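Please take these sequences and the hints and turn them into a complete structure.
Number of protein chains: 2
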Amino acid sequence: MPNLTTIAFDGDDTLWHNETVFSMTEERITTLLADHMEPAELSKRLLATETANLRLYGYGAKSFILSMIETAIEVTDGRVSTEHLKEILDVGKEMLDHPVELLEGVEECVKTLADDGRYRLLVITKGDLFHQESKVARSGLAELFWKVEIVVEKDVATYRRIMTAHGIDPTEFAMVGNSLRSDVIPVLQIGATAVHVPYPLVWAHEHVDPTTVAELRWHEVGSLAAVPALLDELRR
Amino acid sequence: MPNLTTIAFDGDDTLWHNETVFSMTEERITTLLADHMEPAELSKRLLATETANLRLYGYGAKSFILSMIETAIEVTDGRVSTEHLKEILDVGKEMLDHPVELLEGVEECVKTLADDGRYRLLVITKGDLFHQESKVARSGLAELFWKVEIVVEKDVATYRRIMTAHGIDPTEFAMVGNSLRSDVIPVLQIGATAVHVPYPLVWAHEHVDPTTVAELRWHEVGSLAAVPALLDELRR
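Those protein sequence lines, which keep their order, are chains A and B. Take any residue in the first sequence, note its place counting from 1, add 45, and you have its number in my numbering. Take any residue in the second sequence, note its place counting from 1, add 45, and you have its number in my numbering.
To be clear, the hints were calculated from the coordinates, so they are not data collected in a lab. All clues stand as given, with none of them false.
Calculated cross-link-like contacts (lysine-lysine; reagent style DSSO-like; alpha-carbon spacing at most 30 angstroms):
#1 K131(B) x K89(A)
#2 K131(A) x K131(B)
#3 K131(B) x K138(A)
#4 K192(B) x K192(A)
#5 K131(A) x K89(B)
Only a predicted model underlies this, so the values are computations on that prediction, with no experimental measurement involved.
And the structure:
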């Protein structure tokens, strides 16, 4: 059994709601542009633009807003009104300013583990530095974390770099998160423990081919409320 | 004399050109919109929008592009064409994709200090995580740095956090950068050494009131080429 000393949490859709905010925003915008294009089709076009722009923009809310504006101009052949484009900007700002809503069980889980005294807690999250730091600060949990790592991509190289930077032994490290692609697969690949907490919505970009995880083993919990007991069990 | 062991460099306009790329981009866009508003006036309005958006967007190229689109819609009362808005997006992408051009003396300075063996070298830079990491990677210097810190704001709290995270004694630390506001004042306030390398262009947001530095002392060099000799001198 691993002697877990260091527990890291993903931010978006693990500690706080994110994909619901994005998809609510996307819905408002696709409704706004419904005269030009059917919402489902527009969402598909948006995803294509976002994917094409990933190389230059990276992840995050500002990238999403920029891709939304580009898509709106493109799919309407330039006939979208500037009022609508202004509204996309405004809806984007509301998204950035959206209150940080913790998921069920998060506050209790993080406080329990922090009080326990046996664990060092981290946040390891991907996306826009400014927006993510703002979310950590507004979560009300910031002071319970030992380190906050905001990274461009959560892959094997990134996890290895974090292990080295903070002197963490992978066998003592567990990652808790909602994404198989970012929080489970690379974590298992460095020999650490992964705890998957599914979130009802998954951004299309985060979907994984089931065959890639066919040989892997990880822990699955329904919410963060179940994590302290899981960790206790793993210590036995 | 301080025993300097750890030398950090700012990124934008210290290691590589940045403000010239931004201002070239801004010039292309203000020219594009010259039918609607005089370029100098438009630049003023853009700065006002950027400053108002700082709380939500933070620094960086994507924030700049979003503020530019908002300004273009606003100053034309919505009469800007979607072709022009599309062009703003395109110009913004070119900016993000712009080759990383090192300033004079940078490569030699960083290599000399890395080869010297007595120094640990860092990059401490502000702005968009994704874009800054991409610039570090494309600079060709990445492997010479011990650590790269991309931060939201370069203030006393940030520098203190970096000192603690990496076990750096401020008396052994020197920061080299082009901004009095970000690279000199807070660095002196934590008791470290600051080396200012002026860059011809200063983003309006970085201007400081001369009275705030009236009592301070720092080192000034014309380019990074002068830094190794300065450090040698400081060791004596």
